[in-house]
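**Student:** Protein chains in written order, with numbering that gives the first Met the number 0: chain H, 0 to 371; chain L, 0 to 294; chain Y, 0 to 82.
Worth double-checking, as some hints may not be accurate.
To be verified - Cross-link-like lysine to any residue pairs, in silico, SDA-like; alpha carbons within 20 Å at most:
1) L:Lys54 with Y:Asn14
2) L:Lys213 with Y:Thr36
3) L:Lys78 with H:Gly45
4) H:Lys201 with L:Leu79
5) L:Lys54 with Y:Asp56
6) L:Lys78 with H:Lys219
7) L:Lys187 with L:Asp82
8) L:Lys54 with Y:Glu78
9) H:Lys155 with Y:Val1
10) Y:Lys38 with L:Ser2
11) H:Lys191 with L:Leu79
12) H:Lys50 with L:Arg192
13) Y:Lys6 with L:Gly29
14) H:Lys363 with H:Glu234
15) H:Lys191 with L:Asp82
16) L:Lys78 with H:Arg16
17) H:Lys219 with L:Pro47
18) L:Lys78 with H:Arg53
19) Y:Lys6 with H:Pro213
20) H:Lys191 with Y:Val1
21) L:Lys54 with Y:Lys38
22) H:Lys201 with L:Pro49
23) L:Lys238 with L:Gln283
24) H:Lys216 with L:Glu3
25) H:Lys219 with L:Pro49
26) Y:Lys38 with L:Glu3
27) Y:Lys6 with H:Asp198
28) H:Lys201 with Y:Met0
29) Y:Lys6 with L:Glu3
30) L:Lys213 with Y:Val1
31) L:Lys219 with Y:Thr36
32) H:Lys191 with L:Lys78
33) Y:Lys15 with H:Arg16
34) H:Lys201 with L:Glu3
35) H:Lys201 with L:Asp82
36) L:Lys54 with H:Glu193
Since the hints were derived computationally from the structure, they do not count as laboratory data.
Note that this is a predicted model, so its numbers are computed, not measured.
Residue-level listing of the chains:
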Amino acid sequence: MVKKIEEGSHAVADVVRLLNPGVLAMYPITPSTHIPERLSEFEANGELGGKIIRVESEFSAISAVVGASARGIRAYTATSSQGLALMHEVLFAASGMRLPIVITVANRALSAPLNIFNDWQDSISERDSGWLQFYGEDSQEVVDLMIQAYKIAEDKRVLLPTMVCMDGFFLTHTYDVIDVPEDLKGFVPDYKPEHAFLDPKKPMTQGAWAMQEPYFKLRKELEEAQRSIFPVIKEVHDDFAKVFGRSYGDGLIEVYGEGDNAVVTMGSFSTNLKVLADKLGFQVIRIRCYRPFPDKELAAALKGKESVAVFEKDVSYGTGHGAVYNDVRTVYNGKMVNFIVGLGGLDVPVSALEKMYKQVPEMKDAETRWQI
Amino acid sequence: MSSEVISSGHSACAGCGEIMGERMVLEAIGKDVIVCQATGCMEVTTTPYPKTTFKVPWVHVTFENAASVASGVVEADRKLGGDATVLAIGGDGGMMDIGFRALSGALERGHDILVVITDNEAYMNTGIQRSSGTPKYASTTTTPAGKVIPGKLQWKKNIARIAVAHGAPYVATASVGFPQDLAAKVKKAKSIRGPKLIHLFTPCPVGWGFDSSKTVYYAKKAVETGLWPLYEVEHGKLKIDQKPSFAPVEEYFKGQKRYKHLTPELIAEIEKHVKDRWAELEKQEAAGINLQLLP
Amino acid sequence: MVGGIIKDVGNISSNKTGSWRTFRPVVDKNKCIGCGTCKMFCPDVAIEIVDGKAIIDYDHCKGCLICKSVCPVGAISSEEEAK
Numbered sequence: 000m001v002k003k004i005e006e007g008s009h010a011v012a013d014v015v016r017l018l019n020p021g022v023l024a025m026y027p028i029t030p031s032t033h034i035p036e037r038l039s040e041f042e043a044n045g046e047l048g049g050k051i052i053r054v055e056s057e058f059s060a061i062s063a064v065v066g067a068s069a070r071g072i073r074a075y076t077a078t079s080s081q082g083l084a085l086m087h088e089v090l091f092a093a094s095g096m097r098l099p100i101v102i103t104v105a106n107r108a109l110s111a112p113l114n115i116f117n118d119w120q121d122s123i124s125e126r127d128s129g130w131l132q133f134y135g136e137d138s139q140e141v142v143d144l145m146i147q148a149y150k151i152a153e154d155k156r157v158l159l160p161t162m163v164c165m166d167g168f169f170l171t172h173t174y175d176v177i178d179v180p181e182d183l184k185g186f187v188p189d190y191k192p193e194h195a196f197l198d199p200k201k202p203m204t205q206g207a208w209a210m211q212e213p214y215f216k217l218r219k220e221l222e223e224a225q226r227s228i229f230p231v232i233k234e235v236h237d238d239f240a241k242v243f244g245r246s247y248g249d250g251l252i253e254v255y256g257e258g259d260n261a262v263v264t265m266g267s268f269s270t271n272l273k274v275l276a277d278k279l280g281f282q283v284i285r286i287r288c289y290r291p292f293p294d295k296e297l298a299a300a301l302k303g304k305e306s307v308a309v310f311e312k313d314v315s316y317g318t319g320h321g322a323v324y325n326d327v328r329t330v331y332n333g334k335m336v337n338f339i340v341g342l343g344g345l346d347v348p349v350s351a352l353e354k355m356y357k358q359v360p361e362m363k364d365a366e367t368r369w370q371i
Numbered sequence: 000m001s002s003e004v005i006s007s008g009h010s011a012c013a014g015c016g017e018i019m020g021e022r023m024v025l026e027a028i029g030k031d032v033i034v035c036q037a038t039g040c041m042e043v044t045t046t047p048y049p050k051t052t053f054k055v056p057w058v059h060v061t062f063e064n065a066a067s068v069a070s071g072v073v074e075a076d077r078k079l080g081g082d083a084t085v086l087a088i089g090g091d092g093g094m095m096d097i098g099f100r101a102l103s104g105a106l107e108r109g110h111d112i113l114v115v116i117t118d119n120e121a122y123m124n125t126g127i128q129r130s131s132g133t134p135k136y137a138s139t140t141t142t143p144a145g146k147v148i149p150g151k152l153q154w155k156k157n158i159a160r161i162a163v164a165h166g167a168p169y170v171a172t173a174s175v176g177f178p179q180d181l182a183a184k185v186k187k188a189k190s191i192r193g194p195k196l197i198h199l200f201t202p203c204p205v206g207w208g209f210d211s212s213k214t215v216y217y218a219k220k221a222v223e224t225g226l227w228p229l230y231e232v233e234h235g236k237l238k239i240d241q242k243p244s245f246a247p248v249e250e251y252f253k254g255q256k257r258y259k260h261l262t263p264e265l266i267a268e269i270e271k272h273v274k275d276r277w278a279e280l281e282k283q284e285a286a287g288i289n290l291q292l293l294p
Numbered sequence: 000m001v002g003g004i005i006k007d008v009g010n011i012s013s014n015k016t017g018s019w020r021t022f023r024p025v026v027d028k029n030k031c032i033g034c035g036t037c038k039m040f041c042p043d044v045a046i047e048i049v050d051g052k053a054i055i056d057y058d059h060c061k062g063c064l065i066c067k068s069v070c071p072v073g074a075i076s077s078e079e080e081a082k
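All chains should be built: construct the whole structure from the sequences, respecting the hints.
**Tutor:** This is the structure we're talking about:
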């Protein structure tokens, strides 16, 4: 294995090339654009196995990817923010059709006001779309998640589309020492679907409509599928660790440090919280797999804590909290507070986190405070 | 009973011109096809889970993305070593309105797909609302003919010419009233690489307000009056397939509830429009110019 | 039922849409020349040509009577369905 100093987006493109999707649909949107740019360079130099379709919108990007996956081939796209929002309608179709597409989301704020910088509102707003969602802490983890995501999504026990989320700019545009494998050592087998493939030799109908009862049953089946795959995610994570030598908690959540008080968070600024945790002596619980929501693992990790503070870069408007807080609340009944930080790319340095964390003792249960 | 491509038992209305057209297209293509269907009547009447009319591979995703889905299907198919005719098919709403961006993108990129627009001139699946395919002065539920406004006020969008302007190597108009002409066009389209588009006229008894036995009658009458010209544009060169007898357009309007409010003045305006269009068509055919190159 | 995929293609034929009919097309076999025009236009895929004659599948024919209107030799008439 060769470690390289590389931009996060380029590392993602490197690993996508290795994963060898047959069809890649691309539409530029900041901050995800460096991924298709690098993939296009690969194609121009004859180094890409798949075919890139340069579509006229993100709506068509996800639609073309759905078409390719429905035909029975591995498919990929990357997007951000407004692009993901434009895909919204098709996201529900992809999960309902059980097509194991993997996309990279370079997390960015949603308009209005227009803002190109990082927060999680784009992918958080798709948390109920039936897709799996993973959030990486650094570009190395995002690379590793891409590999695991295809293996998880295409597993016959899963067959669900998957978003691998990376913080825009903080990860997509920064250089880091990243180990991109030179080959995948057969870790991700070729995609050979048995359920969904449009082949004139074996005709099938995909994307039918359904009356109340079959609709209800199919949607219930989708949720049951989400809830049943925790062991697969852990298994793929553990197998990955054996082959590639890197692991991230149990694959669902990562617990850092010790303490009677805990902070729950996701994404790249977990690193800042870990730095602060070393100083102040709390525990950081980082959610890596947000959908399906690892409630049992979180409940076990939070059991007996004196307080829990959830730091997040999104808002579940009208609830008084962020979406992550609301989810964590379902597994923890003790004192729990919420900090909304970093919206629109507002920097969240350790010093700001420290100021906020020191307010926890004075805060009431369920109170939410905003970074500014 | 069933044909090679679809089976009976679907719930399209009695006398449906659209399912008639879709079957004709699929029979002309044959079984080596993958159908990408836009939402609409041809989706909801054919595939009520767990049943399907289709005996060929068929996929539906959303209303506005049949051409984009087809883009992904065809590139995947070729990558997997297939050579199926990839058909993107949808109505006037699905292709000329909400799916227009996807259609334009797919034509511009040059995928090896066949697009068929089954045009019944309104949003029939939702209950006869106006689309850009609705003809001028037709009454729909969102352009009802009233005391002041006589139905839709705009001419129909000329989607075939828009496809030509994209540089599509083969574009044709057709009508279910002329199945041999349609089959020949589908077969020709199938033999040409790149994006092809057939704009297919498919009367709707329910939406237009005529007796279900008259679907073929109106599909022929629209052609005979010159309202629906049958032509092909192959690599930019226009060829008129059938010179109409120019029966009075009134013959076509008669018996359709959507036109029952038409006054002699409105009919005269449409008649003039038909004549003007035909004069242009014939001029372009005679000139032998490449329409793709027109500014 | 993963993904609502249907592999039993054409299985909608179990829907007997013949019950929709208010008028029934009737083929006069003496007049029918077996040209297939009715079959070509039938929206319900409910006509076959067997031994040179049109046969109507009354399980599925919805009674639109397009066949009657397109028959070049007037071999198809219609009758009101018995109540």
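**Student:** Now look at each hint and say whether the structure bears it out.
**Tutor:** Taking the hints in turn, this is what the structure says about them:
no.	hint	in the structure
1	L:Lys54 with Y:Asn14	15 Å, holds
2	L:Lys213 with Y:Thr36	15 Å, holds
3	L:Lys78 with H:Gly45	15 Å, holds
4	H:Lys201 with L:Leu79	15 Å, holds
5	L:Lys54 with Y:Asp56	19 Å, holds
6	L:Lys78 with H:Lys219	34 Å, violated
7	L:Lys187 with L:Asp82	16 Å, holds
8	L:Lys54 with Y:Glu78	33 Å, violated
9	H:Lys155 with Y:Val1	10 Å, holds
10	Y:Lys38 with L:Ser2	10 Å, holds
11	H:Lys191 with L:Leu79	11 Å, holds
12	H:Lys50 with L:Arg192	18 Å, holds
13	Y:Lys6 with L:Gly29	19 Å, holds
14	H:Lys363 with H:Glu234	39 Å, violated
15	H:Lys191 with L:Asp82	19 Å, holds
16	L:Lys78 with H:Arg16	16 Å, holds
17	H:Lys219 with L:Pro47	18 Å, holds
18	L:Lys78 with H:Arg53	16 Å, holds
19	Y:Lys6 with H:Pro213	16 Å, holds
20	H:Lys191 with Y:Val1	16 Å, holds
21	L:Lys54 with Y:Lys38	18 Å, holds
22	H:Lys201 with L:Pro49	17 Å, holds
23	L:Lys238 with L:Gln283	9 Å, holds
24	H:Lys216 with L:Glu3	32 Å, violated
25	H:Lys219 with L:Pro49	16 Å, holds
26	Y:Lys38 with L:Glu3	13 Å, holds
27	Y:Lys6 with H:Asp198	11 Å, holds
28	H:Lys201 with Y:Met0	17 Å, holds
29	Y:Lys6 with L:Glu3	16 Å, holds
30	L:Lys213 with Y:Val1	42 Å, violated
31	L:Lys219 with Y:Thr36	14 Å, holds
32	H:Lys191 with L:Lys78	14 Å, holds
33	Y:Lys15 with H:Arg16	51 Å, violated
34	H:Lys201 with L:Glu3	14 Å, holds
35	H:Lys201 with L:Asp82	15 Å, holds
36	L:Lys54 with H:Glu193	19 Å, holds
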